[in-house]
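Protein chains in written order, with the numbering used here: chain A, 1 to 268; chain B, 1 to 316.
Mixed in with the good hints there might be a few duds.
Claimed, not checked - If you anchor each label on the Cβ, the simulated ranges turn out as follows: (1) A/D181 - B/A210: 56 to 66 Å; (2) B/M1 - A/K117: 28 to 38 Å; (3) A/D181 - B/A150: 48 to 58 Å; (4) A/Q253 - B/W153: 38 to 48 Å; (5) B/A150 - A/G143: 36 to 46 Å; (6) B/S147 - A/G143: 54 to 64 Å; (7) B/P178 - A/K118: 53 to 63 Å; (8) A/D181 - B/G162: 31 to 41 Å; (9) A/E131 - B/T131: 37 to 47 Å; (10) B/L82 - A/S142: 53 to 63 Å.
These aren't lab readings, by the way, just hints derived from the structure by calculation.
This one's a predicted model, so the numbers in the text were calculated from it and none came from an experiment.
Glycine included, every Cβ here is placed at the ideal spot set by N, Cα and C.
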Amino acid sequence: MVETKQTGAISAKNVRKEFIDPNGESVIALENVNVDIRPGEFICLIGPSGCGKSTFLRLVAGLIQPTQGALFLDDEEIKKPGYERGLVFQDPTLFPWLNIYENVAFGLKTRGIYKEKKEEVSEFIKLVKLEGFEKSLPHHLSGGMAQRAGLARALVNHPKVLLLDEPFGALDAFTRMNMQDELLRIWKERGTTMIMVTHDVDEAVYLSDRIFVMTPRPAKIESIVDVEIGRNETLGRKRDSVDFLNLRSKILQILDYTGKAVEIEYNI
Amino acid sequence: MNFKAKTVPPIIGVLIALIVNIIVPNNKKLKYADLPHYRYFLIIALVVTVLLALVSLFNEKLRERYSYRGFFIGGVFIFLTLLDLVTSKFLLLPQLYFPSIARIFNVFFEDKTLLLECIRSSFLLLIKGITIGFILGMACGIAVGWSKNANYWIYPLIRILGPIPSSTWTPLALVVFPSAQGAAVFLIAFGVWFQITILTCSGIQSVKKAYFEVSSTLGASNLQNLFKIAVPAAAPSIFLGFFNATCSSFVALMAAEMIGCKSGLGWYVNWQKTMLSYPNVYAGLIVVAIFCYILVTIQFKVRDRLLSWQEGVVKW
Numbered sequence: 001m002v003e004t005k006q007t008g009a010i011s012a013k014n015v016r017k018e019f020i021d022p023n024g025e026s027v028i029a030l031e032n033v034n035v036d037i038r039p040g041e042f043i044c045l046i047g048p049s050g051c052g053k054s055t056f057l058r059l060v061a062g063l064i065q066p067t068q069g070a071l072f073l074d075d076e077e078i079k080k081p082g083y084e085r086g087l088v089f090q091d092p093t094l095f096p097w098l099n100i101y102e103n104v105a106f107g108l109k110t111r112g113i114y115k116e117k118k119e120e121v122s123e124f125i126k127l128v129k130l131e132g133f134e135k136s137l138p139h140h141l142s143g144g145m146a147q148r149a150g151l152a153r154a155l156v157n158h159p160k161v162l163l164l165d166e167p168f169g170a171l172d173a174f175t176r177m178n179m180q181d182e183l184l185r186i187w188k189e190r191g192t193t194m195i196m197v198t199h200d201v202d203e204a205v206y207l208s209d210r211i212f213v214m215t216p217r218p219a220k221i222e223s224i225v226d227v228e229i230g231r232n233e234t235l236g237r238k239r240d241s242v243d244f245l246n247l248r249s250k251i252l253q254i255l256d257y258t259g260k261a262v263e264i265e266y267n268i
Numbered sequence: 001m002n003f004k005a006k007t008v009p010p011i012i013g014v015l016i017a018l019i020v021n022i023i024v025p026n027n028k029k030l031k032y033a034d035l036p037h038y039r040y041f042l043i044i045a046l047v048v049t050v051l052l053a054l055v056s057l058f059n060e061k062l063r064e065r066y067s068y069r070g071f072f073i074g075g076v077f078i079f080l081t082l083l084d085l086v087t088s089k090f091l092l093l094p095q096l097y098f099p100s101i102a103r104i105f106n107v108f109f110e111d112k113t114l115l116l117e118c119i120r121s122s123f124l125l126l127i128k129g130i131t132i133g134f135i136l137g138m139a140c141g142i143a144v145g146w147s148k149n150a151n152y153w154i155y156p157l158i159r160i161l162g163p164i165p166s167s168t169w170t171p172l173a174l175v176v177f178p179s180a181q182g183a184a185v186f187l188i189a190f191g192v193w194f195q196i197t198i199l200t201c202s203g204i205q206s207v208k209k210a211y212f213e214v215s216s217t218l219g220a221s222n223l224q225n226l227f228k229i230a231v232p233a234a235a236p237s238i239f240l241g242f243f244n245a246t247c248s249s250f251v252a253l254m255a256a257e258m259i260g261c262k263s264g265l266g267w268y269v270n271w272q273k274t275m276l277s278y279p280n281v282y283a284g285l286i287v288v289a290i291f292c293y294i295l296v297t298i299q300f301k302v303r304d305r306l307l308s309w310q311e312g313v314v315k316w
């Protein structure tokens with residue numbers, strides 16, 4: 001791995017988030033979150049819907065503010081969105097009126113540093129293997145390509161933290177496995193802290209250093225699982241090793257236990 | 001070299017029209033029967049259609065486009081033939097109101113200068129009105145779509161004032177503005193303003209929230225979110241507003257010119273009607289049709305260029 005960056009640490013202290021629902025009642029979206037994420041760490045958040053995974057991600061992004069407590073990036077409180085915390089959604093949300101090059105260049109342009117850093121746009125397009133598609137419009141790209149363009153667009157700002165909200169959820173199984181390896185390659189190359197929300201236990205075990213297993217009602221981090229399985233040459237893990245399968249079933253157990261409680265109230 | 005049968009119907013259509021025009025004698029009561037313009041027009045049309053058919057043999061792009069329109073163009077000449085039969089050969093309709101084609105065509109030559117002057121004057125009015133209306137409409141639409149305060153204060157006004165047909169303002173406009181020209185510009189601008197405001201506003205309000213979230217995490221400020229995300233994302237809607245606005249501006253233009261102005265296409269048609277010179281009325285109408293057609297076509301071309309990114313999403 002390239003030298004580990006010393007920046008990109010995220011910590012959450014006593015974070016609680018409430019929303020007001022349409023009936024005017026407050027709903028707890030996240031409670032009692034105390035975590036420290038080290039610089040350059042790969043974290044996956046996993047859990048059933050309603051467990052507050054995306055809420056946590058949006059709090060880190062600064063798109064919403066905690067009701068109580070605070071979040072910090074390298075000891076600086078997070079108060080609003082910023083380019084040092086890049087965001088990638090499941091839907092790549094490329095700006096359809098801009099071509100791929102312009103999409104990737106967007107961050108540099110808004111920050112007024114496009115002229116000095118022009119060559120980085122092509123560099124990142126190359127990093128995600130989209131050379132030759134600079135002039136294409138988003139709707140001409142396949143799902144996987146669009147998601148890679150979205151990655152490049154977030155990475156061009158050299159974010160300290162990359163927030164990924166189910167980035168591969170809409171891709172087919174093969175593209176998804178490819179993209180996981182791509183992501184690990186980029187992670188290795190850039191040393192960015194990665195925080196990824198996923199539904200997929202295999203994906204979490206394959207990618208992360210630590211897995212935050214989350215449960216709903218009350219939405220909180222139920223347990224933090226260290227993934228102590230050696231990484232192979234692509235930095236992923238052997239998907240059929242005993243350790244992999246054991247850890248997988250351990251996480252499923254944690255989720256299953258909480259899953260029952262959900263089902264009973266599941267009558268919307 | 002490649003031949004397509006569909007390039008022939010236009011030639012046949014012109015030939016029929018020409019033969020009918022030459023062989024069938026004019027009705028004895030027809031006035032100005034010796035005007036040659038229609039026949040000249042058909043001869044020119046014959047030359048052009050033959051040339052197009054010949055070029056189509058070699059040029060593939062033209063062949064495809066031209067042969068697609070082949071039957072339609074042929075049909076137009078058949079229609080002219082029927083018109084020729086009705087209005088000059090058999091004189092089935094009163095010729096005061098339904099003059100021969102030749103007399104209408106004659107106007108284009110006789111009244112050339114006045115017509116050109118009218119086109120110029122209408123065009124200027126239209127451009128002024130559309131520009132003013134567009135700028136104000138964009139400003140209002142962006143303000144109302146973006147800012148809650150502006151929405152609170154301005155939106156109700158738009159809802160009340162907007163739907164009033166702009167010609168209803170004529171009496172007020174004539175009093176407020178010193179010249180009929182100014183009043184006309186106001187009436188045109190008013191209609192344009194409303195259309196642009198409403199569709200800009202709704203366009204901006206329906207931009208996907210995720211775009212703003214992504215751009216914020218890419219370092220965009222509020223203002224950048226407005227001009228780099230909201231406005232381009234709303235562009236299809238704004239263009240739809242602009243199209244509606246152009247159409248309503250033609251209505252406003254004609255209405256405005258018929259009340260106070262002393263030039264312009266609307267004035268020309270209205271004035272010729274009071275003079276009972278119907279050939280000029282029809283000639284004026286043809287010019288108006290071509291005028292509007294060209295403006296709308298230009299607009300479509302601009303739209304296709306600017307909005308190529310959303311091809312197939314919106315069709316009109």
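CB of B/A150 to CB of A/G143, is that within 36 to 46 Å?
At 39 Å between Cβs, range holds.
If you check the beta carbons of A/D181 and B/A210, does the distance land in 56 to 66 Å?
26 Å, violated
Please check whether B/P178 and A/K118 have a Cβ separation lying inside 53 to 63 Å.
54 Å, holds
Outcome for the supplied range 53 to 63 Å, where the beta carbon pair is B/L82 and A/S142:
55 Å, holds
Note whether the CB distance of B/M1 and A/K117 lies within 28 to 38 Å or breaks it.
55 Å, violated
A range of 54 to 64 Å was offered for this pair. Does it hold for the Cβ distance of B/S147 and A/G143?
36 Å, violated
Whether the CB-CB distance between A/D181 and B/A150 falls inside 48 to 58 Å
Given a distance of about 49 Å, which is inside 48 to 58 Å, the answer is holds.
Could you see if the CB distance from A/E131 to B/T131 stays within 37 to 47 Å?
At roughly 43 Å between Cβ atoms, B/T131 and A/E131 fall inside 37 to 47 Å, so the hint holds.
Does the Cβ-Cβ separation between A/D181 and B/G162 fall within 31 to 41 Å?
56 Å, violated
Confirm or reject the claim that A/Q253 and B/W153 have a C-beta distance inside 38 to 48 Å.
Given about 59 Å between the Cβ atoms, the range is violated.
Going down the numbered hints, you'll see the structure goes against 1, 2, 4, 6 and 8, while the others check out.
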